[in-house]
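A.B. asks: Construct all of the structure, not just a fragment, from the sequences and the given hints.
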Amino acid sequence: MSKVTLKINGESHLLDVPPDMPLLWALRDTLNLVGTKYSCGIGVCGSCIVLIDGVPTQSCVMPAAGMAGMEITTIEGLAPNGDHPLQKAWNDVDVPQCGYCQGGQILTAAALLKQNSNPSDKDIDEAMYGNLCRCGTYPRIRKAIKLAAQYAAKAGVES
Amino acid sequence: MKVLDQKTGMDRRAFLKVSMMASGALMIGVNWASAALANELDGSTWIPNLYVRIDRDGKITIVSKNPEAGQGVKTAFPMVVAECLEVDWHDVNVEQAPLDDRYGRQVVGGSRGTPDGWDDLRIAGTGALHLLTAAAAGKWGVSAAECSAASGTIVHKPSGKSAAYHTLLDIAAKLPVPDVSDLKLKSRPEDFKLLGTFVPGVDNPKIVTGQPLFGCDTRLNGMLYAVFEKCPSFGGKVRSANVEKIRKLPGVTHAFVIKGTENLNGLMPGVAIVAKSWWEANSARNQLQVDWDSSHADSTADFNARAQVLSKEQGETLRADGNVEKALDSADKVIQSSYYYPFVSHANMEPQNCTARYHESGRMELWAPSQNPKSGRSLVSGTLGIPEDRIHVNLTRIGGGFGRRLRNDFMVEAAWIAREVGRPVQLQWTREDDMRHDFYRPAAWHHFQAGIDGNGRMTAFDHHFITFGKNGETISGAGLSPDHYPAGLVQNFRLRQSVIEANVPTGPWRSPGHSAYCWAYQSFFDELALAAGRDQLEFRLDLLSRSYGKPPLNLERTSGTLRVAAEKAGWGRKLAANRGLGMAFHYDHGGFVSHVAEVVAKGSKIQVEKVWSGIDIGPVINLSGARNQVEGCVVDALSTAQLEITFADGATEQSNFSDYELLRIDQSPEIECHFIQSDFPPMGLGEPPIAPATPAIANAIFAATGTRIRELPFNRSGISV
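Which chain is which? The protein sequence lines are A and B, in order.
Taken in order, the first sequence gives residues 1 to 159; the numbers are from our numbering.
Taken in order, the second sequence gives residues 1 to 721; the numbers are from our numbering.
Think of the hints as simulated: they come from the structure by calculation, not from any bench.
Among the hints, a few may not be true.
Unchecked claim - In the DMTMM-like style, the derived pairs of lysine to aspartate or glutamate whose C-alpha atoms are separated by at most 20 Å in a straight line are:
(1) A:K143 <-> B:E360
(2) A:K143 <-> B:E670
(3) B:K610 <-> A:E11
(4) A:K143 <-> B:E672
(5) A:K143 <-> B:E609
All of these numbers come straight from a predicted model, not from anything done at the bench.
C.D. replies: This is the structure:
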């Protein structure tokens, strides 16, 4: 077992986990943060994406023991009250069908909007390429990201 | 005179009335009888029936009875109740029901949720409102007929009196259950305020913030985690396994062989490993060594060879109208073509899982992402010998169904392991388990021969269907109705069937059968129209203009959807040489859907740019949910047309999204939905839009590239998306 202190959603957690245990399972089984989802286990579907120092990362293939000192953001920690522009847009466009992949989709989109406040369809397709959605909500994901960009721009003007 | 049932006090007339008017026959009457009998005040909560609860503090709760797998029922069902109860949607709290026989059918499948629930849900809302109205009228000493309701308040206009629902609970709870024949149920779009509008899913706030919802999100005190290894070759038994060694590995608490049964849909033989964390259980599995006793070695290569042999035989004739052979002989032109599609997997994003807790008292509790929890309960009961009334099933949100979770192998595995272990256990399959132990949509071969007369009309249709079965009978998902079109649309028709013996598990896959063979029919119609020198739309509308004997589908509604899709797509407009439009119509599971697809080709690489859909499922309940299903079906069709499951040595060769590559966002088309809100009862939409999407796209690919796709996946014809 390996002891490691992880900084997750702004809080420090001391964990004692198997040295090879991926962050995904440390989040889900040790910390009961189940918003991060298991689906492929080999880093190709994006359901388990979290932000590591702001970068979308497949947590199913990253050992937790190696992540000391990094800023980890899970879907639970994206916004304190669930009022991130993407979360609002995701609801207003009604993106989810089954909803299983959507946490990973939203975090990937959050990283995109940080870098590009007004993404085109092409920008969106490139940024979201690693996130599978079996239900086929892709057209709505494009729409919601654009709407979130508008919400963010409006909030920026107001504040 | 009203006759009351002596035992229940239930008005027999009301009971029978409901039974008669309900679409699903007697069961719905029975449901309503027990639902209505619940009219009572429980502490501070009024429970007029199983679907509605109103608290003294004004909180309104509507219960959704069916499992939610992304088909949108957890939003759509309560919307129907809210519409009839006259409450504002933002005041409604939605709660998921557990498995409870009083609700009747609790299944995600067959697109039947909406048609089956329509009467019960409206009666629940309208019946509760009737009691509240009667309560207010009684309190004020006025006629109920003079009272109206809106936004959770009963109003008596002549006197200006009004009362919020929650102030009427004590009186309402003492009133007799209304006679259903006295309830005026809303049925048409012009009656609706909420239905037909765009309503986001009720679980969205939890989904976008990552709150626990799904089966695998279940967390219980003292819970252990399990993996279960089964024989890669379906049905193989365990001769021996190194479980002693496995038990000593880090974190592992239990490792044992489960002898299992011979039921491919039930508890198969295997080895369970239980540990303090799932990661430790699965890591231990890497060192598991099992000596398997495999019983068969089915392979795709053998299936193909057998299909070749059978294609030269006559097969069993399932239907014969007129004289096909004579009609083919005298036809102006005879067109022959063969189509093949492979096995495919469901590939739900949430791999199969189930959480179970066995109580010392002998009671079993399950948290199951199951599309058919009732049949899962029966499987657990039969396999473990636990009476059904000692098994409680909680319905969790489901990370994708598509028919896979109509089978409950994961439930019985979790239940067995939890009883053995004596502690709560979550069984979590890996992605590899999920893909290798699916109930696949069966492959099939369609050999068509059609005759066309001098006017370009189809006069004969001969169809040799080669499918899969066991002991000569088709297996799950492998059948084809002899009454499926073009039977009934052509004078001379024959359907012949040959069966390949198979040991691989198959099952319903979103719009079972239809989602596969519609592509073959509608592609062949394209070939026929072309050979006849006729426009695709005109050829199809003509085909749908008359029937011989009983029509296989409602011709008018089908044509209606085709006309709408064609008109919206601008059918007939001039296109660049590398662009093409393709179309298809279909009817299944109560829904009529036609699509027109537009494709642009760069060499053999194509992009499906846009799909226009004409849909007739009667009145739409949730516009967002309905569109979501159409969009999802189109994407699913395009994704699945590029996929294939193959077998070798009795086992599945694909194992993960790296060799079973679902569609990604950059390939996703734009989809435009046009609903014909016809005067029919509403139907479900989880399935009908998928079948015609594949051929609409394939026909557009032909129009853009000149390549006729006669084998799936697309890459067999050199086409990539």
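A.B. asks: Look at each hint and say if it fits the structure.
C.D. replies: Now the hints, each set against the structure:
no.	hint	result
1	A:K143 <-> B:E360	violated (52 Å)
2	A:K143 <-> B:E670	holds (11 Å)
3	B:K610 <-> A:E11	violated (46 Å)
4	A:K143 <-> B:E672	holds (14 Å)
5	A:K143 <-> B:E609	holds (16 Å)
Figure legend: structure checked against the earlier numbered hints; hints not met, in rising order: 1, 3.
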